[in-house]
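Since the structure of chain A is already known, use the hints to place chains B and C on it.
Residue numbers (this note's numbering), protein chains in the order written: chain A, 1 to 95; chain B, 1 to 252; chain C, 1 to 332.
Keep in mind that the hints were calculated from the coordinates and are not lab data. Incorrect hints may have been included.
With a straight-line Cα cutoff of 27 Å, these simulated DSS-like cross-link-like pairs (lysine-lysine) come out [unchecked claim]:
1) A:Lys68 - C:Lys262
2) A:Lys22 - C:Lys285
3) C:Lys300 - C:Lys285
4) A:Lys68 - C:Lys300
5) B:Lys132 - A:Lys22
6) C:Lys32 - A:Lys78
7) C:Lys297 - C:Lys285
8) A:Lys22 - C:Lys32
9) C:Lys45 - A:Lys68
10) B:Lys4 - B:Lys129
Note that this is a predicted model, so its numbers are computed, not measured.
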Amino acid sequence: MSETATPLWEVFIRARNGLSHKHAGSIHAADAEMALQAARDVYTRRGEGQSIWVARSSDIIASDPVDKDMLFEPTASKIYRHPTFYDIPDDVGNM
Amino acid sequence: MTDKTYLFQYLLRLADDHLILSQRLGEWCGEAPTLEEDLALANIALDLIGQSRSIYSYAADVENKGRDEDHLAFVRVERDYRNALIAEQPNGDFAHTIARQFFVSAFMVPFWREMESSNDLMLAAIAAKASKEVAYHLRHASEWVIRLGDGTEESRERMIEALDDLFIFTGEMFEVDETVEAMIRSGVCTDPSSLMGEWLQTVQSVIAQATLEMPDTGFMQTGGRMGRHTEHLGHILSELQYMQRTYPGQVW
Amino acid sequence: MYSQGLIGADGKTHEDEAFLNAFQARIDAEQKIEPNDPMPQGYRKTLIRQISQHAHSEIIGMQPEGNWISRAPTLRRKAALLAKVQDEGGHGLYLYSAAETLGVSREEVTDQLLSGAAKYSSIFNYPALTWADIGAIGWLVDGAAIMNQIVLCRCSYGPYARAMIRICKEESFHQRQGYEIMIALCNGSDEQKELAQDALNRFWWPSLMMFGPPEGDSVHSSQSMIWKIKRFSNDDLRDKFINATVPQAEHLGLTIPDPDLKWNEQKQGYDHGDIDWNEFWRVVKGDGICNRDRLKKRRKVHRNGAWVREAALAFASKHAAQQTADAQIAAE
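If we strip away everything but chain A, and leave its shape as in the complex, we get (with noise of 0.2 Å):
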């Protein structure tokens, strides 16, 4: 019963110059012409773009979750990366 599934395609939107894109949603269309006039249609009725990114779904390679600590929690103890790690005294002004 169901008929072919028109593409899906993830969308990022520049709020304003100076901002990266950020994922806004999705939409289906049946080419990217058409993804960005939807795109433009659904996600920037009340002025929230400049500029837009659209990206077959099927297209976005995503990080396994089952992997999460083995990728992010290595970072987690290196807090010598951060400014706070290092002591500075007050008297030399903001560093």
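The following block gives chains B and C in isolation, referenced to the frame of chain A:
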């Protein structure tokens, strides 16, 4: 007629074009082929309502008889509506709606661009906003003409039929009569017939991309500017005016 | 309102205890669950059911108000109404997208709606008969919806919660739009006031039914609550709605059509009369005055659009093939 009455007439025509076409597009709300397209058609309709409101308000100022945008939009008799016939043509199938929007937008793009340098500062300001809106309308409609023309056998037939059905109403957009002449003379608008070349070029190039042929050019219908409409307008008005006619003079 | 989507939901799940405990620990720590995260089948199924029925409600909900776009009394009202009904389409779209992250396609859930297998909120089976109904729908129906939707912004499933945040932001004008229509009517002629009161009379009880039937005390131990898909009982939200709405009706000078409605000092809230749950179940099961029309219309729209969707796909595949061929020639 004075320049003011000419200008008022001219503004009414323009506002009616936008109102009636937006009324038609509004009929699609909830009925488009996809949800995405539902939102797209509503966006276009909203642009057109916005444009009609600015023009009616200005027309009401020019007339200066205490009428406002809603008086002008809702409380006139059928023969007093001055929209071009193409605006009132039924939605038909999606191909007909797209063909209608395509023909109109291909005209409105150069029309508003020229209007940006009108002597009439109010119209020039309206044009600056409208130009951007219609540029998108044209792009949207063109992409669909191309896809429907070069899609399936069925969509191709439907697109051909729609272009054929509506082409006969396109000539009216370029007409010059006494009112338009007066407007050209006073620098309010450029001669619309001078926009024909650009319009044809746009239409031809999109139709070629759609792998279709131009509809046969022949007789062009006319009459809307004098209030001689097709039978469709009366039905549009019976819905459009329902509240204002049933409950006259109330505030909503 | 959208807790109606949980009616008959089957939260049954078959994972082992360690898996379920680990999942529950994440929920209890208020961690959001994201699409690729491991989750119990029952959680997935319950969410698909609720989100898709929420989406269907938005889509079917376009019909009663869409019915008045061509007849709106002023250009300002026409633009606002069209923008609002358009938003509902957009919200349906956001929600279908959220459901898709759980592995059901839009085509599948659309089929479920069209075949009658999936339900939508009972409220949209009531007709919009007069212009005042557009005011009442915005004021009451959107008012009731927002009670539920604000809570859903904190739902444990990330994509649903994010869609709801966007929806709540956009919907903030919907209820105001409706209430403003009611104000205009109530400041108008006697005839206009009558229209307003009549609309309130017809929409009051169905609006209360939107929250779903009372669940009794068991609700707090229900699977949806434990999984933080649902966060308040139907009665709690209904009371919140009544307490917020009664003063708004008073401000309009309208009478709530419930002779038993009275302030209860002790609970600092209103007590209300009995809700006709027989009517509710009749409408949910398909015998509301508009059920058949709503679905028929949706089926017709779907059928009429099929050739357009096919054309767009045919064009895309033709031209994708062309592009690949061009690329090959260029490479050679």
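Run through the hints listed earlier and report the numbers of any the structure violates, in increasing order. Hints 1, 2, 4 contradicted; others consistent.
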